[in-house]
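Peer 1: This is what each chain is made of:
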Amino acid sequence: MSDFEPKVVAFVCNWCTYAGADLTGTSRIKYASNVKIIRFPCTGRIDFMLLLKAFANGADGIIVSGCHPNDCHYTSGNFHAKRRWIMFKELMDFMGVDMNRITFSWVSAAEGAKWADVVNTTVTRIRELGPYLSYKELVNRSVEEEVKNE
Amino acid sequence: METTGKLIRKQSLEKLYNLLSANRKVYAPVIADDKQVEYKYNPDFKDVTFDHIRSTLSVKNVVFPKVENLFYYSNTKTESTITDIDINKIPEVVLWGAHPCDTAAFDILRSIFCWDIKDEFFAKRLEKMLVVGLSCHLSDEYCFCTSVDLAPNSQKGSDILLTRLQNGDYQAEILTEKGNGIVTSSPELFESISEEKVSMTEVKQKFNHEQVTAKLAGAFENPFWVANSLRCIGCGACAYVCPTCACFDIQDETKGKNGKRYRSWDSCGFGLFTLHTSGHNPRQVQSQRWRQRIMHKFSYMPERNESLGCVGCGRCSSGCPVDMNIAEQLEALQNI
Amino acid sequence: MSDNIYKPYLMAIEQIIEETPDVKTFRLKFKNADDAEQFSFKAGQFGEYSVFGEGESTFCVASSPTRKGYIECTFRKAGRVTNALANLEEGDTVGFRGPFGNTFPIEQWEGKNLLYIAGGIALPPMRCVIWNTIDLRDKYKDITIVYGARSVSDLVYKQELKEWDERPDIKLITTVDPGGQTPDWKGEIGFVPMVLEKAAPSSENTVAILCGPPVMIKFTMPVLKKLGFQDKDIYTTLENRMKCGFGKCGRCNVGKIFVCKDGPVFSYEQILTLPEEY
Amino acid sequence: MNSLITRAKELLENKTVQVVIGYEAGPTGVVRPSFITDPAKADKLIYDERCMQNLAVYLTKAEVKYLGKMAIVAALPVMRSIMMLISEQQIFAESIVVLGISADRSLLDLADIKVMQGYIEKSDLGNPAKDKELLAELNKLSPEERFAYWQKELSKCIKCYACRQACPMCYCTRCTVEVNQPQWIPVQSNTHGNMEWHILRAMHLAGRCISCGECGRVCPVGIPCHLLTMQLSDQVYNYFKVHAGTSEKMSSVLSTYEPNDKESFII
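Chains as they are written, first to last, in my numbering: chain G, 5 to 154; chain C, 2 to 337; chain U, 3 to 280; chain S, 270 to 536.
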């Protein structure tokens, strides 16, 4: 497992976490390079389907991050997101999807160090968990189902 | 080929089953954990049921799978290439224990897939299938095979038709060369037919399909359709469980540069089935879609495909969440 | 072509013409010379055009069978496939399955006057038969084309309209809806039915070919009747949603008639026998 | 149920409504929805333990609405669906007459929506007992076991969308699965795609599901997909202390928020 490099997708909002990640860079704080950042206007825009698509396309872990409560650029996007994440997390739990693979966090534009920390702890945790085999198997099995008759 | 009657002892049945499954995939009915009857590939003989009235889904997926890949493609910036699917790799399948209504459906499907131009996917699957049918010794209130020119022991579509005898042995009617091949390869399993009586259910005729077809010709604008489809919720259950429903969708699915075009089951009951891009929909409301379903099977198909689009299995009615009972409606249509 | 009836020909986009802001015409060439060799079609037939990864869409072949070596299609950006098509560039690859459907009975029309009436994006399905009859000009008597669109910028085939206008052996009447004209617009202003009524072409020994949005058809039919056209001498095309193109997928039927097999060309006499399901 | 028939007749005769949506027994004995427009035919109406279908689904159906003003036979789940539909502005309270049925199957006198709301508030709003047990069993399993369980169940899905069509809250004319730019959910049926579809369905019903269990009941292949939405109904109450379909002014849980919503997993 030593050569396993986790693939982590980060869904972040433009105004806080993306700027925060920028700050991490300009502050020369090093963090794991396993993360691929996807920028959204707001956490309220991050559809739960996107998270599922990330797993389906081979992500081993996911980070979702945006402005702290009360700091949303659009006033309430992150409050809505929070409720949605609560429901999503509970549903995923109920369906047996590994919630240890998703990190939800609030990272402001000033928290460059926190961003590095969020990424590093997530990557370390995913590294310990190993590749998300059961989800990959689910996707592969579906492909097999389709070609079974060919 | 001339039909020959044989006898298979109860205990020889397992041998026949194992013989067939030795070099082919066998698709046979089992009772699942949730008590529903479903067909499975290569189940153990001890799990195979001989006492089912109908499986939840029909067996049409042997010849018309719910998803059929049509070809693969690969895209670069400007080029696309197509990779064919080798239909010769389609495996040989034995369909075991399908009732006469299900086996009769293959001819109807052929009349859809092979009229005018031939659908090779379907034709190949049909060719590679051996059917060991099983006459019905049980039936229920949803069955109406006798109303559509079939019977609990119809031979249509079977290569070998098994019928239970009252002592538990089986009569085996050898109906095709394919079926005869099995007898020739293991003659020890088949004996001469005995005098024993067959054990068979009776299915009451509910309507006269010719009269229904005649009535439908002038029934397009009849208020019957709205009145009798108000409760239809517009799901695709009836079409998906139906052994003869063959409407399909064609879709692409891409991952990165590569993808495939496939066809999958579709249903005329869905509102978006006929929706134009412009927003215009020729069948805008559910009654029009319900009319299409009945008309297609009992009016258009007899005229265009020279076959009725229904085998009287009763699945659409037993599976319908709101009791859209097709036999009842046809009975009513006969008298409008 | 292989036995796989769902497998399209691969075509290269040779030329793209922007007809209007949302309508484009593609000229397509077969990538495989053998395919080009054995391919033939007739006026009125259609095909399934595909962008691999997005799916297939149905349009008529818009070029004439008398022009060999390529086919053309004209489409409006509307849904998933047409949007994807619109994003392609010259040299890109598309798929084509066809030809499917029946044809305009142009042999039967020989020796007659032809009156083409089209509205908006309905000129493309007619362009094929228009060019076909123009290319066989000797066989037909007068050819009249009445074409209308919402506005000047919505008129498609502007180059060809000009060409037809300049030819002495074709009578072209173009019109735009009131308010859709530009200061230098020289054609008519008004809806197609009114313009047609004003032009009053003779119905004597004439076949009318009519294609357009339902509302145009609805108001043009009485005008044609008034001019003395018989139902059997009026032709139109029907469009319904299609997937397969050969009468299997179960979408396009109007009653027992498959638009993909028995159509898309119908005489008005036939249309009157169909249930209203189109 | 004589009182129900009498009331239905009355409503039709004095033209208060043009159609009564209720239950009748079909010729095979199976209970089915019934649309009574003629007072003489009101005798067909029945109400017993077999009358499970959530009839509220018909309140938004074009051809039923076309019949005119509706009265609807409504046990608690149907009443709650009606509440939800009113709160989401799909129907007007004035446009329907509710023939409420109590838990002991007697006709309720619900003068208006306020009275109905009072009745709902006094009722047990949790999931049905049988489903509670199933949920408890599933929640006892390990995540891996649950993952395997749902994969097995959802591999059966044939994408007939009966679950969606039967749900009064799934009234969208174009569902997300039918949106194709982009294609969120594959059109074909495979385990992974089916799972995505059921996740999407459950999420879109979070805080809106009134736990009638209709989706699970109608599934032709027997997937207990109602457990997904019911689990979320439980969690909605757990986190936000609301039950769906209890007030005509309620906005759905996921389209509102409280600044002090509690959670413990966001770092």
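If you are wondering where the hints come from, they were derived from the structure by calculation, not from laboratory data.
The C-beta atom is built at its ideal place from N, Cα and C for all residues, glycine as well.
One or more hints might be untrue.
[Claimed, not checked] According to the in silico footprint, chain S covers these stretches of chain G (three or more CB under 8 Å from chain S):
| id | region |
| --- | --- |
| 1 | 81-95 |
| 2 | 101-111 |
[Stated by the list, open to error] Non-contacting residues of chain G with respect to chain S, defined by C-beta distances greater than 12 Å in every case (computed):
| id | residue |
| --- | --- |
| 3 | GLU9 |
| 4 | GLY29 |
| 5 | ARG32 |
| 6 | ASN38 |
| 7 | LYS40 |
| 8 | ARG43 |
| 9 | LEU56 |
| 10 | LYS57 |
| 11 | GLY70 |
| 12 | PRO73 |
| 13 | ASN74 |
| 14 | ASP121 |
| 15 | THR125 |
| 16 | GLU141 |
[What the hints assert, rightly or not] Label-pair distances were calculated between CB atoms; the ranges are:
| id | chain 1 | residue 1 | chain 2 | residue 2 | range |
| --- | --- | --- | --- | --- | --- |
| 17 | S | LYS518 | G | GLU148 | 34 to 42 Å |
| 18 | C | ASP141 | S | GLU357 | 22 to 30 Å |
| 19 | G | ASN124 | S | ALA417 | 31 to 39 Å |
| 20 | G | LYS57 | S | THR285 | 27 to 35 Å |
| 21 | U | LYS114 | C | GLU3 | 31 to 39 Å |
Peer 1: Is the hinted range of 31 to 39 Å satisfied by the C-beta distance from LYS114(U) to GLU3(C)?
Peer 2: Distance hint for LYS114(U), GLU3(C) is violated at roughly 59 Å.
Peer 1: Quick check for students: does the CB of THR125(G) sit more than 12 Å from each CB in chain S?
Peer 2: Nearest chain S Cβ is 8 Å from THR125(G), so the label is violated.
Peer 1: Could you let me know if the closest chain S CB is still more than 12 Å away from the CB of GLY70(G)?
Peer 2: Given that some Cβ of chain S is not farther than 12 Å from that of GLY70(G), nearest at about 10 Å, it is violated.
Peer 1: Between the region 101-111 of chain G and chain S, see if three or more residues pass the 8 Å beta-carbon test, and mark the coverage as holds or violated.
Peer 2: holds (count 7)
Peer 1: Could you check that no beta carbon of chain S comes within 12 Å of the beta carbon of ARG32(G)?
Peer 2: holds, 23 Å
Peer 1: Compute the least Cβ-Cβ separation between GLY29(G) and chain S, then decide whether it is above 12 Å.
Peer 2: It holds; GLY29(G) is separated from chain S by about 21 Å at its closest Cβ, greater than 12 Å.
Peer 1: Beyond 12 Å from chain S, beta-carbon-wise, is ASN38(G)?
Peer 2: holds, 18 Å
Peer 1: Does the claim that ARG43(G) lies off the interface hold, with its Cβ farther than 12 Å from every Cβ of chain S?
Peer 2: holds, 18 Å
Peer 1: Determine whether the non-interface label on LYS57(G) survives the test: each CB of chain S must be over 12 Å from its CB.
Peer 2: violated, 8 Å
Peer 1: Is it true that the C-beta distance of ASN124(G) to ALA417(S) lies inside 31 to 39 Å, as the hint says?
Peer 2: holds, 32 Å
Peer 1: For the range 34 to 42 Å, tell me whether the beta carbons of LYS518(S) and GLU148(G) fit it or not.
Peer 2: Given range 34 to 42 Å: violated, Cβ gap about 50 Å.
Peer 1: Hey, is LEU56(G) genuinely clear of chain S, shortest beta carbon separation above 12 Å?
Peer 2: violated, 6 Å
Hint compliance for this structure: hints 9, 10, 11, 12, 13, 14, 15, 16, 17, 18, 20 and 21 are not met, and every other hint is.
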